Every structure is written in structure tokens, then in C-alpha cells.
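Number of protein chains: 2
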Amino acid sequence: MEQDFLNIAKAAKKASLEIADLSGELKNQALLKIADMIELNKNEIFEANKADLEEALHMLENGEITKSTFNRLKLDENKMRDMVQGVRDIAALANPVGKKLFTRMLDKDLVLTKVSCPIGVLGIIFEARPDVISQIPSLAIKSSNAVILKGGKESKNTNKKIMEIINKALEDVDGFPKNVVQQVFSRDDVAEMLKCDEYINLIIPRGGNNLVKFIKNNTKIPVLGHASGICHIFVDESADIEMASKVVTDAKTQYPSACNAVETLLIHKNFPKADELLASLQLNEIKLIAEPEAWDIEYGEKTLAYKFVNSLDEAIEHINTFGSGHTDCIITTNIANAESFMNKVDSAGVYMNASTRFADGFRYGFGAEVGISTNKIHARGPVGLEGLTIYKYKLIGNGNIVDDYVKGIKKFNHKDM
Amino acid sequence: MEQDFLNIAKAAKKASLEIADLSGELKNQALLKIADMIELNKNEIFEANKADLEEALHMLENGEITKSTFNRLKLDENKMRDMVQGVRDIAALANPVGKKLFTRMLDKDLVLTKVSCPIGVLGIIFEARPDVISQIPSLAIKSSNAVILKGGKESKNTNKKIMEIINKALEDVDGFPKNVVQQVFSRDDVAEMLKCDEYINLIIPRGGNNLVKFIKNNTKIPVLGHASGICHIFVDESADIEMASKVVTDAKTQYPSACNAVETLLIHKNFPKADELLASLQLNEIKLIAEPEAWDIEYGEKTLAYKFVNSLDEAIEHINTFGSGHTDCIITTNIANAESFMNKVDSAGVYMNASTRFADGFRYGFGAEVGISTNKIHARGPVGLEGLTIYKYKLIGNGNIVDDYVKGIKKFNHKDM
Chain G
1311 MEQDFLNIAK AAKKASLEIA DLSGELKNQA LLKIADMIEL NKNEIFEANK ADLEEALHML
1371 ENGEITKSTF NRLKLDENKM RDMVQGVRDI AALANPVGKK LFTRMLDKDL VLTKVSCPIG
1431 VLGIIFEARP DVISQIPSLA IKSSNAVILK GGKESKNTNK KIMEIINKAL EDVDGFPKNV
1491 VQQVFSRDDV AEMLKCDEYI NLIIPRGGNN LVKFIKNNTK IPVLGHASGI CHIFVDESAD
1551 IEMASKVVTD AKTQYPSACN AVETLLIHKN FPKADELLAS LQLNEIKLIA EPEAWDIEYG
1611 EKTLAYKFVN SLDEAIEHIN TFGSGHTDCI ITTNIANAES FMNKVDSAGV YMNASTRFAD
1671 GFRYGFGAEV GISTNKIHAR GPVGLEGLTI YKYKLIGNGN IVDDYVKGIK KFNHKDM
Chain V
1311 MEQDFLNIAK AAKKASLEIA DLSGELKNQA LLKIADMIEL NKNEIFEANK ADLEEALHML
1371 ENGEITKSTF NRLKLDENKM RDMVQGVRDI AALANPVGKK LFTRMLDKDL VLTKVSCPIG
1431 VLGIIFEARP DVISQIPSLA IKSSNAVILK GGKESKNTNK KIMEIINKAL EDVDGFPKNV
1491 VQQVFSRDDV AEMLKCDEYI NLIIPRGGNN LVKFIKNNTK IPVLGHASGI CHIFVDESAD
1551 IEMASKVVTD AKTQYPSACN AVETLLIHKN FPKADELLAS LQLNEIKLIA EPEAWDIEYG
1611 EKTLAYKFVN SLDEAIEHIN TFGSGHTDCI ITTNIANAES FMNKVDSAGV YMNASTRFAD
1671 GFRYGFGAEV GISTNKIHAR GPVGLEGLTI YKYKLIGNGN IVDDYVKGIK KFNHKDM
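Here the protein sequences line up with chains G and V, keeping their order. Mapping of the first sequence onto our numbering: position 6 corresponds to residue 1316, and the numbering continues sequentially without gaps. Mapping of the second sequence onto our numbering: position 110 corresponds to residue 1420, and the numbering continues sequentially without gaps.
Please keep in mind that the hints were generated in silico from the structure rather than gathered at the bench. Owing to the predicted nature of the structure, the values given are computational and were not obtained by experimental measurement. None of the hints are false.
One copy or two, either will do: identical chains are not told apart, so a pair holds if it fits within one copy or between any two.
Cut-off 27 Å, straight-line C-alpha distance, at most; resulting in silico cross-link-like pairs (BS3-like, lysine-lysine):
| id | residue 1 | residue 2 |
| --- | --- | --- |
| 1 | 1686 | 1324 |
| 2 | 1424 | 1686 |
| 3 | 1418 | 1556 |
| 4 | 1343 | 1389 |
| 5 | 1654 | 1320 |
| 6 | 1478 | 1360 |
| 7 | 1324 | 1526 |
| 8 | 1686 | 1530 |
| 9 | 1523 | 1686 |
| 10 | 1717 | 1389 |
| 11 | 1410 | 1721 |
| 12 | 1360 | 1377 |
| 13 | 1377 | 1463 |
| 14 | 1505 | 1686 |
| 15 | 1579 | 1324 |
| 16 | 1324 | 1617 |
| 17 | 1583 | 1556 |
| 18 | 1424 | 1409 |
| 19 | 1505 | 1523 |
| 20 | 1725 | 1409 |
| 21 | 1460 | 1470 |
| 22 | 1460 | 1686 |
| 23 | 1460 | 1488 |
| 24 | 1717 | 1597 |
| 25 | 1556 | 1717 |
| 26 | 1530 | 1460 |
| 27 | 1360 | 1470 |
| 28 | 1478 | 1654 |
| 29 | 1320 | 1686 |
One chain only, chain G, in its complex shape (with noise of 0.2 Å):
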């Protein structure tokens, strides 16, 4: 390990301690603190913006970079004010850490509480969207966990400066501790950052499939996050076909390029109006493929490729085959079907009659979103903050031992207060 990362890793760990105690207003005077000189000195910003951008118009020249990621990168008055608003946003959310989420006397003197807990250390890996690098040291501040940053290159003049900001502020705080919020800037601390499973606790990669497929394959630390969003509509025999089109036109073209967007589409072949759906679709700018060479391709555009199935199961087999285990929809009237088909698809979300776009942490109410999981294991699905969370076991006795419980002196009540 670099000495250098080794030295940013241990500050991140001995922050975390620091931070896991800290009260709630604390950390929301802190968040309060960084909106305001977000916004007091965004003139800095915009200037630090406009320097990546210059640079960044070379390499759209020279095709180094796409449009899209050039106008992500590109700060206006627009996302100034939502990444105020956003850190404002998450400090008005309630406290994630010190929740109890059970009480339980094992003994009359012996209470058992499991409590909500921050996780530790958070490395965060993420592409040119600098509206990133003042949402992701918010939501770890508010879970109580330190973090390190790591920006893409296109954007590293606003991200320093916004993360010089964010630290001159959490500085003004009285007692907020130290090294909470750090950023590395090198492919070299990336490297470091995913062999350094002593200090990190959680990988979240933010951005496109590449990355968080290199990163899921070059690392032994857990990885919160989605390598791709291959989401299907099943349309039942017996769909309506308005509900249908309507639906899946909202799914493909809402936002293609989100991974909430549906790329396949699966038609019972009994539906009676499929012809019509097509047309539909094809009358709303989608652009139909009737046989993809592979069934696992996230368009990102307003792409879909479509399928007739001869049932029910084919349908499910075929998303549990070729899915992402992102969000799936059933259009159908029939409601047993449905159970069928949410019980036995083995995605995120499983949704009948709904567009699936609507797989968003916002959406879903949860006040803040930390990413979208594919995971099998602690938080699947949009992750609000309290999956930058776990839980310790709290044991308050009062000299009690495990002796005399084996020994049939005392007994276990397990009584849930």
C-alpha cells in the first residue's frame, strides 16, 4: 500500500470513530454550514467550473469525451441551487444513527438494544458530475460515516474547490472532528483505494456500467451499487392495451438513459392487440428490435428490443436469465398472475402496472437516495441513508453470566418491550 493512501485511510478510520458519536444537531449545523458556503462563495465555483469546462471542450473536440458527459460536468444556476437545496434537504431528514430498533429484556436485569449504527468508512468512486462531490460528504455526515472521495478528472478543478469549500466549512464547526470528508484524485489512489480493506468498509461507485463493473471485479470490499439496469415489461394476455402502451412509452422514454428505463419487452403471444402496441410505441419515437443479438443490452436510448413469450413462466425465466435483478413490471388485469409473476422474478423491484422508472429513492419516499442496488445482501434497490447504516447490540446487565443460565440458576424471559 502507498504510503500516501495508507495515511488518508487511517485518518478516514480515526475520523469515523470521531463522527459515530456525534450528536445529531451537530451534524446538521454542519450540513447547514456547508449549504450556506456553497452558496456564499459559488462565483468561486462557477470560476472553477469554467476552467474544467475549457478543458473539456478539447476533448469533446477530439472525442475524448461525449456531449452528455460535457453538459454533466457543466455547472449552471439550475444545479447550484439543487446542490444547496439538496444538503439543506438532507439535513432536514431525521437522524439514521442511534435508532433502536429493538429493546428486549433477556433477564429482569439483563436488556438487550440494537441500535443503528454507522457503517465506518465509505470510499466513493464517481464520474464527471460534480453535484456529486457536495451529496455524497452530506449523506455520510448524516449516517455519521467518513468518507473519500475520489471525482473523475474532467471535473477536479470544481471538485477541489467545492470540497475546499465543504472542509473550510465543517472547520468553522466547533467539535466537528477532523478528516471526515477526504478526496483522492489519482487512478493510483483508486488502485489503493480498492486493496485497502483494512480501513474501507463499502465501495460505492458512482456512474456507468464500466466503472462499477471494474471496481465490483477488482476489489474484496463490499460493493454497493448496479453494473447495469436490464429492465423488462411483461405485457399479459390479458393487458389492457392503453394501460400498455402508455406504461411502457413512459418506461423506454421518460429518461432513456436512466437505469430505471425498460430495455426489453416480453408479449405474451396470446395478447390479442400486440400489433397495436408496436405501432403505439413506434408512433412515440421507439425504435423497436425484434431480435437483439444479445437479450442483456442496456440501450440508454430510445431503443427496446421485444420478444413473444408463450407464458407466464417463459416470461419470468427469461427476466430471471438475461435481467439485472433491477426492477421488472407485469401489465396485466389478472391479479394472480401478478403474485406469480413479483414472487418468482428475483429483481429489486417487481412492479404490476406501474412504469418502471418509478425505481428511485425520491420516489419510493425515502427523502435522500445513496445509489440503486443489485446486491443480494444488506440493501437492494434505491438506498436511502439507511444503507450507509448498520446496527450494533447494546447488553446492559447488572453482573449477569452466562453460567448461571446454563446452569438453570436464572432463566431467559426474552421479553420484546
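Following the hints, position chain V against chain G.
Relative to chain G, chain V alone:
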């Protein structure tokens, strides 16, 4: 990937999708059938165990296994009765799958439900303890997961026989899917299992430190477990001498080879009765080591390292530096110190005035124990059946589309039900 193992893994994946949706009744029927069949065929199991014991006796004589491994290997009538009762106890627990974790109206015709569901395929690697071979499949069945088991070679005859009986029992249960419980035998199979992140969702090692460390270092699949149990007791300035002596003695001697036994005693330098405490521990046959070569040794016997510290904070820092995040205790009459200790010590279990030996799923009232985890995500501390589940989100709408909410035509109400 070896073709043989790949086929086993694919069959497990298929089985996991089939058992995901099984009713609690059918799962319990399967469990009770397993218990009956083990009971009915116990003499065959004793025969198989005798074959293992004969081989093991040679290994014991040649020093290839320890006396305690030999003893763990040996089945007797008591262990057999416990084994059968263990399976019946699991049947009697509540179904951990299909629990509604919350129901939330997103809008009047759009209802989100968070529902517990199985993880998928478990890979279990355990050392010579033939009682585990009935317990693990039972936990897997109860939680609707498929499982691939690799037992210790020392108990291979016993394991094979019990698995044969289990699978014969499952065949007799109408509607129970095939290949929910499979077994592999070779070291090569373990290597394949650890590589098989496409099909295996969680690895659970049950065995000594070396096994767990090896597994954690050689797989990208999440591992649920603990490599070591370096538990501490800190005797604060204000501690009651009798309580301190009683709790430390229990934590060290009640079962010295357990992972929740105490390994290090920290004593506040101003605790007035330190000499008396140390003398009483020696009277209780505890061997005290004042300056061990390392502070992270798990003795597994009646040996206890001890150290004087200058303050509560020094004790906390020692524990967070050298501990394994398992279970740590403060003995004190000072509530503020206890709270500070329990909030700042970053361990799965943080105790006040109670023996570390309480860290156990049964003692916590979970009804079953999958293992004890020192992970920082998913499940921490003693893990009950809940640790073998995750959740999915079911969303039931009426043709709802996101565009309506983005445009303000409809509004989310996010009302919990």
C-alpha cells in the same frame, strides 16, 4: 470453472428460484420430515460416524488432528437428539420470508410494499462437526435459500449419510423442488465455490480462524462470519470488585474456546482493587499474562492478557485498535462512562456489566443462529434467520407513469400504512 461444479451451481440457482416462492407450511413439512428420517435412521448415521472415527483415531495418533477435533467429530445419543430437536426447533420458528417490512402509499392508486425474501444460493464451508450438516440445510430451507455444502473431510462418511437421508426425506415431500440441498467434497470444489460469484450469493464459513481468513482472502462473494474473537473487558475505576471478578471469570472460563470468550482484560489504573481482582482470577485457574507479545491473540484456553490503562479513552482506543469488533464489555458503576464506552467502541456487541459469553443467537432470543458476524454490512453480531434474507420492493399501480409526477399532474403523498 470446472464443468462439474458449474452444473451444481446452476442447479442450485434454479432450485433457489423454485424454493423462493414456497409456502411456509411446505417448508415446515420438509423440515419435520428431515427430523423424522434422521431419527428413524440414526443407527445408519452412527455406523457412518464410526467409520469416520476409525480414520480419525489414526489421525489423532499421528498428530494430524487435535483431541478436540476428534471429540467434535464424535456423534453420541445426546448430540443426535439435539440434532433432531434442532431441526424441529427451526420448523417451529416464524417464516422469515414474505414479511411485510413496510407498506407505503406513494399515491392513492400506487402502493409500495417492502417484503422480505431469500438471498438465493448459499455456499457453506464447515469443518468437522457433523451436527452442522443437518442444521445448515434446515436454516436454508426455512429461509427459502438453496445451499451447497462442503464439510470437513474428517466427517465425510457421516456427512454423506446424513445428506443422503435429508435428500431422501425431501424427495418424499410433494412439491418440494430438487437440488435445494447439495453437497461437494473436494478441496477443488471449495476453490470453485469461491470463484463462483455468478451463482453463489453468500458464503458462510463455520470453523476456525484459519479457514475463515483463507475464505475471506480468496473470494469476491460476500462472506458472513468472523475470523477471530478478540473480546475485551474493561474494568473501570468505579467497578464493583465482586462483579468484576465474577464476570471476567465467566467470560474466560465458562467455555474458553468460544469466540465470545474474553482474551484481554483492561484495568483502569485508579481501580483500587486491581490486585485483589487479579488474585481472584488466578484462584479461578486463569493464567494471567501481563505483557503479551501481541494484543490480538485468541488464546482459546484459560489464558488472559491484561493491561493497565490511564483512562476510559485509552481503553476504547485499545479495543478499537486491537479488537476484532466482536464483543467488548465495561464493568462500571458510572453510567456516563458506560454510555461513552458503548457508543465509541466499534464492535457488534458492546456490554455493560455482563459477560461477553452472552453474544449468541439463542441467548439473544433469535431461536436459531446462522453464525456470528463481525462484518460492517448486512448482518452484525449473532445472526438469526433474518440474516439469510434480503428484501424486494413490490409496487402495485393502475397504469401510473413517472411523467405525470415530473410534470406535476399528479403528486406523491408517501403515506405509510
